[in-house]
Amino acid sequence: MKSISQLRQILLRIDRKGYKAYKDIQGEYEGDGWFLFIDHVQGDPFASPSKIRIRVPLKLAKFPPELFQTRVRAIAFADYLARCFRTRFLKEPSGVSGTGKSGMVFIDAGGQEVLERTAVLITPEWVEVRLQIGLPAIGRTVLGKKAIEILSHYLPRISKEVFNWAHLPQEEVTRFVECIENQEYIRSQLPGLGLIAFIANHAILPRKSG
46 MKSISQLRQI LLRIDRKGYK AYKDIQGEYE GDGWFLFIDH VQGDPFASPS
96 KIRIRVPLKL AKFPPELFQT RVRAIAFADY LARCFRTRFL KEPSGVSGTG
146 KSGMVFIDAG GQEVLERTAV LITPEWVEVR LQIGLPAIGR TVLGKKAIEI
196 LSHYLPRISK EVFNWAHLPQ EEVTRFVECI ENQEYIRSQL PGLGLIAFIA
246 NHAILPRKSG
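Per my numbering: the sequence shown = residues 46 to 255.
If you're looking for bench data, these hints aren't it; they were derived computationally from the structure.
What you are looking at is a predicted structure, and each value in this text was computed from that prediction instead of being measured.
For glycine and all other residues, C-beta sits at the position ideal for the given N, C-alpha and C.
Any given hint could turn out to be false.
[Unchecked claim] Distance ranges between label pairs, derived from CB positions:
1. S50 with A245: 20 to 26 Å
2. S48 with G237: 52 to 58 Å
3. R98 with P236: 37 to 43 Å
4. E217 with Q114: 47 to 53 Å
5. E229 with L135: 26 to 32 Å
6. Q215 with G237: 32 to 38 Å
Work the whole structure out from these sequences, hints included.
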């Protein structure tokens, strides 16, 4: 596994070269308390974004084990974390722009439904976020220094903040996980009661207009 400083060196070397030179950065890198996996590098700035993963050890994240000790709780907690990432990316974009999807960051955080997804994965040893990013370019020319800003500063900083129990609204997280757990328990009781659905008190239901 290479170091993040080696990634920076590669990006400086390919700066201002043709876009396909970005293929040189595909691989695994270790930072200060985090790991970067560049799994797929897009062929040009208009293609589907590149796929990366950022992993932080749980001993550093310090998430309470009870938040993901059951399958339902793990799904709920991972969903919450994915939504945190999406919110951060919307409120605090990378600030990097260029041709095509340059500088854009995407995460599959879903809609209102809380479903099992692959955007955030939690294991007994680490927690990982899976993202898509547009590697920056002007035309089809690599902007290596801008890529350094995203890959070695912007994304790791946000990841280490979201993947840090001390930085999260702890009561809100706990309520979210418990709410999803309660919903699943109620759903499991419906067949025995001859019911097919439930509606919470004070729920605001969508209505057909007209």
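Now for the hints, and whether the structure bears them out:
1. S50 with A245: 20 to 26 Å: Distance hint for S50, A245 is violated at roughly 52 Å.
2. S48 with G237: 52 to 58 Å: 57 Å, holds
3. R98 with P236: 37 to 43 Å: Because 39 Å falls inside the window, the suggested range holds.
4. E217 with Q114: 47 to 53 Å: 19 Å, violated
5. E229 with L135: 26 to 32 Å: Hint holds: Cβ distance 28 Å, inside 26 to 32 Å.
6. Q215 with G237: 32 to 38 Å: With a Cβ separation near 35 Å, Q215 and G237 satisfy 32 to 38 Å, so the hint holds.
This entry does not satisfy hints 1 and 4, going by the numbered hints stated previously.
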